[in-house]
Amino acid sequence: NAGVTQTPKFRILKIGQSMTLQCTQDMNHNYMYWYRQDPGMGLKLIYYSVGAGITDKGEVPNGYNVSRSTTEDFPLRLELAAPSQTSVYFCASSYAPQQGYEQYFGPGTRLTVT
Amino acid sequence: GNSVTQMEGPVTLSEEAFLTINCTYTATGYPSLFWYVQYPGEGLQLLLKATKADDKGSNKGFEATYRKETTSFHLEKGSVQVSDSAVYFCAPPSDDKIIFGKGTRLHILP
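First to last, the protein sequences are chains G and D. Residue numbers for the first sequence follow the working numbering, so the first one is -13 and each next one is one higher. Residue numbers for the second sequence follow the working numbering, so the first one is 99 and each next one is one higher.
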């Protein structure tokens, strides 16, 4: 199993540009998550999904959009990049965490907006 | 939803010192509890977990006991190594999500 894969690893955007961060998992997990981690800080939940066709907002959803058309893929879309979105983005997946299942994380995408 | 309070870092220790990182939580019922670790430049990975009250999770010399009386899940290690330098996150689930605190950055000096 490849686990959770994210692309790209690094990206530099200009203010106002858009991009999609890709996330794929091959563990047949129904739960998927997007987090951002600012330098020296903890993780903040952007969006999450409990299954294909279902998405929900986390703590910091403004400026982002997601879709979940398949179990495997959970892309994160930035429409109008702003410097405040400079961060490291992590995708994660799991079975139901409230039943004791751990989250598996991807390696992250480091995004800089200038 | 559930929440967590984790001791602030950074924590700096010498090699072979005893480590405790405090974590207390508020939760409905007795959810599973997790400790995750993030090594430099990497994503988070599970360090250990406990699935019910009074359980002890352990891995790589680290231990944490799920204490419902004090709603705590403190992380301990008897003798830390330089390779344990990382950020540690205490994380209870809250509904369909896992809530991560700010984490505790640990520096181990040789």
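Calculated directly from the structure, the hints in this document are not laboratory data. Even for Gly, the Cβ is constructed at its ideal location relative to N, Cα and C. Please note that the accuracy of each hint is not assured.
[Stated by the list, open to error] Facing chain D, according to a computed beta carbon distance under 7 Å, are these residues of chain G, among others:
{"hint": "1", "residue": "H15"}
{"hint": "2", "residue": "V46"}
{"hint": "3", "residue": "G86"}
{"hint": "4", "residue": "E88"}
[Stated by the list, open to error] In the DSS-like style, the derived pairs of lysine-lysine whose C-alpha atoms are separated by at most 30 Å in a straight line are:
{"hint": "5", "chain 1": "D", "residue 1": "K147", "chain 2": "D", "residue 2": "K158"}
{"hint": "6", "chain 1": "D", "residue 1": "K175", "chain 2": "G", "residue 2": "K43"}
{"hint": "7", "chain 1": "D", "residue 1": "K175", "chain 2": "D", "residue 2": "K150"}
{"hint": "8", "chain 1": "D", "residue 1": "K154", "chain 2": "G", "residue 2": "K30"}
{"hint": "9", "chain 1": "G", "residue 1": "K(-5)", "chain 2": "D", "residue 2": "K200"}
{"hint": "10", "chain 1": "D", "residue 1": "K154", "chain 2": "G", "residue 2": "K(-5)"}
[Said to hold, decoys possible] With beta-carbon atoms standing in for the labels, derived distance ranges:
{"hint": "11", "chain 1": "D", "residue 1": "G176", "chain 2": "G", "residue 2": "R63", "range": "21 to 31 Å"}
{"hint": "12", "chain 1": "D", "residue 1": "D193", "chain 2": "G", "residue 2": "S70", "range": "25 to 35 Å"}
{"hint": "13", "chain 1": "D", "residue 1": "N120", "chain 2": "G", "residue 2": "Q3", "range": "21 to 31 Å"}
{"hint": "14", "chain 1": "G", "residue 1": "T98", "chain 2": "D", "residue 2": "Y137", "range": "30 to 40 Å"}
Against the structure, the hints:
1. About 12 Å separates the beta-carbon of G:H15 from the nearest beta-carbon of chain D, more than 7 Å, and the hint is not met.
2. The criterion of a C-beta within 7 Å of any C-beta in chain D is not met by G:V46, whose closest approach is roughly 13 Å, and the hint is violated.
3. A least Cβ separation of about 4 Å between G:G86 and chain D falls short of the 7 Å threshold, and the interface hint therefore holds.
4. Hint on G:E88 holds. Least Cβ distance to chain D is approximately 4 Å, under the 7 Å limit.
5. The straight-line distance between the Cα atoms of D:K147 and D:K158 is roughly 13 Å, inside the 30 Å bound, and the hint therefore holds.
6. Among the hinted pairs, D:K175 with G:K43 is inconsistent with the structure: their alpha-carbon atoms are about 37 Å apart, more than 30 Å.
7. Under the criterion of a C-alpha separation no larger than 30 Å, the hint pairing D:K175 with D:K150 is consistent with the structure, at around 21 Å.
8. Distance hint between D:K154 and G:K30 is fulfilled; the C-alpha atoms sit about 28 Å from each other, no more than 30 Å.
9. With a CA separation close to 23 Å, the supplied pair G:K(-5) and D:K200 stays within the 30 Å bound.
10. Restraint check for D:K154 and G:K(-5): the C-alpha separation of about 36 Å exceeds 30 Å, so the hint is violated.
11. The hinted range of 21 to 31 Å is not satisfied by D:G176 and G:R63, whose Cβ atoms lie roughly 47 Å apart.
12. For D:D193 and G:S70, the Cβ-Cβ distance of about 27 Å falls inside the hinted range of 25 to 35 Å, so the restraint holds.
13. Distance hint check for D:N120 and G:Q3: the Cβ-Cβ separation is about 43 Å, which falls outside the suggested range of 21 to 31 Å.
14. In this structure the hint that G:T98 and D:Y137 lie 30 to 40 Å apart at CB is violated, the actual value being about 22 Å.
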